[in-house]
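Novice: Starting from the known structure of chain A, fit chain B onto it as the hints suggest.
Keeping their order, the protein sequence lines are chains A and B. Here the numbering used here is used: the first sequence runs in plain steps of one and ends on residue 745. Here the numbering used here is used: the second sequence runs in plain steps of one and ends on residue 190.
Just so you know, these hints were derived from the structure itself, not from any lab. Just so you know, not all the hints are guaranteed correct.
The calculated DSS-like cross-link candidates involving lysine-lysine, where the alpha carbons are at most 27 Å apart (straight line), are [stated by the list, open to error]: (1) A:LYS700 / B:LYS75; (2) A:LYS66 / A:LYS319; (3) B:LYS75 / A:LYS619.
In this text the structure is predicted, and so the values were computed from the model without any measurement.
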Amino acid sequence: MRVSAIGLVLLACWMVYLDAVVTSRFEGRRFEVPSRVYARPLELYDGAGVSSGSLERELALAGYRKGDGVKPGSYRRNGGHFIISTRGFRFPDGSEPRRTLSLNIYGDRIQGFSVSSGENAAIVRLEPARIGGIYPAHKEDRILVRLEEVPQLLPKALMAVEDRNFYSHFGIAPASIGRAMLANMRAGQIVQGGSTLTQQLVKNFFLTRDQTLLRKGNEALMSILLEWHYEKDDILETYLNEVYLGQAGTRSINGFGLASQFYFGESLKDLDVHQIALLVGMVKGPSYYNPRRHPERAIQRRNLVISEMEDAGLIDSAKAARARGLSLGVSVKPSYSENRYPAYIDLVRRHLARDYKEADLRSEGLRIFTTLNPAIQYAAEYAITDTLPRLASGDVGKALEATLVVTAKDTGEVLALVGGKDPQFAGFNRALDANRPIGSLIKPFTYLTALEQPDRYTLMTPVLDKSFTLEFDDGRRWQPKNYDGEERGEVPLHRALSKSYNLPAVRVGLDVGVPAVIKTLRAFGVATPISEYPSMLLGSVAMSPVTVAQIYQGLATSGFNTPLRTIREVTDSAGGALSRYSLEVDQVADPAAVHLLQYAMQETMQEGTGRSAYYSVPKELTLAGKTGTTDDGRDSWFAGFSGDLLAVAWVGRDDNGPTALTGATGALPVWSRFMAQVPQHGFSPVIPDGVSYHWVNPEKQALTDEYCDNARLLPFISGSEPTQRVSCSGTLERKIRGWFEGLFQ
Amino acid sequence: MSRQGVFHVGMLAAFLSLAGCATGPGGPIYVPAGGSERAPEPPQAAEGKDETQVWRKSEQTENREPEQQPQRSSKPSYQDAGDALSPAALSLVREADTLLKSGDAQGAIVRLERAQRIAPRSAEVYFKLSEAYVAGNKLGPAEQFTLKGLSLAGSDTRLQRAGWLLLADIRRARGNLAGASQAEERAAAL
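Chain B on its own, in the form it takes in the complex:
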């Protein structure tokens, strides 16, 4: 693989970590009512002789609207971009950076996996994982983690561009020149 390509990746990922935002932990959290000890009652199945109730063979519930109405649910949800890194996750990413600089790619991966567990929807974590795999000369996983990061970059053009350029470098280092220029075109189009 090309040493120059790797160097480029390293620089790019270092940029990511420096620019990584440290705003609060992402997204609202659902809080169970009254804790698990007093969880709400589940729906009750009708009792008695079931054989006569032919409708129960149906998966479709429209013919047998129960008396109790489910809570009106919201519309299918989506968001424009992944979560920002929480300070806790950021502290692990910084530890990983230090380890990477000292040449301990495996140690960095362990820290980053810990960060990924608490910030699984943050594109930055996956890009950093990609960087650590590049440092360990494992370009297959590096490409996959870049793709995963890109799937979470959403409308954040800074992350999108960083991701596509990272992907281009990795693909070039793997000898996939067509894939590399395709990724570069994506970055340029942003």
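So that you can see chain A by itself, here it is in the shape it has in the complex:
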């Protein structure tokens, strides 16, 4: 008697404990959803720059299938002609409805864009590709679905196969165990399990799957408790979101919502009978019946489920026969894979960390709309993996690393980020964390500081290319040198920059003053301390590639700082706006002075240290940029821009060891390889107010005529152009020739 009383008390305590466990698991696990990270949506409109190849890649990334172009989520391609049936997508600023689009791609541009069904529009966004997630510690991934959104056939089929009396039992169903045994004997194999859906859900809450009697007992008790606390529909909805249906690397695919995307690339609400049957069938053994790995088993299992559905009266026999005749219909690859762009996602997470808690990112199911451009990222990764092995051989070659940061010149959106030679490696992110001396990349800021004083400096101003020694108060001496050790006497300022001569740069920097150059750098976005030691004029200051991209943004956009962004918007799981990161511009330099500097940076590409870019880039693509090299080739930099893109490349070793590379032979080949792959506009800045172009003879510091020798068309800030004029002693014949040459250039 006493023993049984103690037993009852113990059981009661145990029940209280189990009750606490099961309710906390149920409440906690029901809502833990990883954040979803999306690429920028591709904008389709007449004139959009996109190649057929990159459109196909983009469609594949967004889970589109090549097919008839009629079913939502499919497209048809015939040469450059595309028919695309979009699925529609709810963006933070409104919905893009389902549409059928027709377009041609000619010369890497969209032409003849039209909407053949659905709401008409001149510009349409494709659904954005999902490029990653921020996962809870247990690495479960899911897309939450609500019971009322789910096709009615799914829960009915699930109950027909797994738990016929779900709505009438109290958590466990002893009768169903017997029935299941009977059904299994009749079929000659296991078609039904004895566990109720509630028991399966409870089982899913625990990580171990050992089938001890104690476990079974606990499961049964917890199932009863769960049923006691919650409504049937709540339990069913949680089951639909909880059930394990596959594995992608370390990430588990939970719930029918994600499984539908993962196996078919389609939304759950769009699934057909045969697809629903496959997913229901897979509950029994997601890895055993994996339709990608074991299609035969999967199809058998699916057809068995179809028969069960038919027996239960859910579908008629004609429909069942048709469904059995169909192929599995799974997509070749999962529509996205985890962590395809680890370096980029790393930057996204750091930007998110300013406004969000890590725990919320891991569990609140936020939707993060980033600025990643998959086509640009592809080109950037390719440029590094293809170029790096050619730059050096042996041990140096093995040790060589590289990064590439690409931004949209006028928006500051980070379009691509490669953190090392293995773009899939999620470790040290050089683009963000490798702070290295920037070498000659600093020179444009020195010359800009000078050019902002048009009464003292123009592009034509002669600067001395002659060595000198600085002696400091403590007796130390500094004697800067040109890289090639030569001295050229006097050189015009524009050439001193385009050829990256050191001595003129230091002289100009000391003349305008190191503090003034530092002030310019600060205005352009350098937030870290900068030493006032004159060697900073040759780039002893260290920065990460992303910081370099930030400060070059102002040079590329006529003096407007544009903060770099990786995120456009963050919404909650229901699509409600949480944060928006808007475009910002801030004028930090005189556009006229920047225009002059941009001239010299274009000259760098055409006549100076950057001209080997045109080995791989056709001359039509006008570019501007600057090389940078540090002692013994420890850092090879190139930063430059076209009309649309700004890119910063760095090549060097993690151990800061020497290489035989310069900016022109290391980073520039990576940079130009990237630029050569992307359809884009050339750089052609608008002449700002207060700037005019004049033909001059820089050697004589005078205006001259276009056809004269040494004539050069240079921009001047109005009032700073030379006043005297020299004319060349050209004959009439020579003048005419010069005139014709000008005409046909």
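Specialist: Positioned in the frame of chain A, the structure of chain B alone reads:
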């Protein structure tokens, strides 16, 4: 801030959108040869014992002209005015106009940022952004977007005048009277 000033800005920007030209998308586009799958070969670095090649420490390439000549590049490029709005960008600007009229400045900004991404060198888009920020009573960003638009107006005196007058209104509303009259003088001098 002065309500009258804001009203003036709104009218001016409305003029801009009505007058905004809808000619084709701006500028020629560079097309990679054969697509990214068959991009041209990059320059190859010399192989072998690099230590003996002192010249490689030089950034200046004139002493080591490679056998292969780079393609003769064109002269530094420039243009007299920014790009005209493409029909796609114009359709977004029109949507933004509708939202602005209904008092949804934030919605208008979202549309205009989308337009700016596809037409980043069009002065009109920045002037419209400025108008939307004025409507949202954010005059700091409004002034910056006007300046950005002006940097792209080039020799288009219609845009220049509109921009300087817009800037004058915004500066006056911000209490910068000297800056406002300076901007007005610029407009008058055109």
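Novice: Determine for every hint whether it applies to the structure shown.
Specialist: Here's how the hints hold up against the structure:
1. A:LYS700 / B:LYS75: 21 Å, holds
2. A:LYS66 / A:LYS319: 26 Å, holds
3. B:LYS75 / A:LYS619: Measuring from Cα to Cα gives roughly 10 Å; hence the hint holds.
When held up to the earlier numbered hints, the structure conflicts with none and fits them all.
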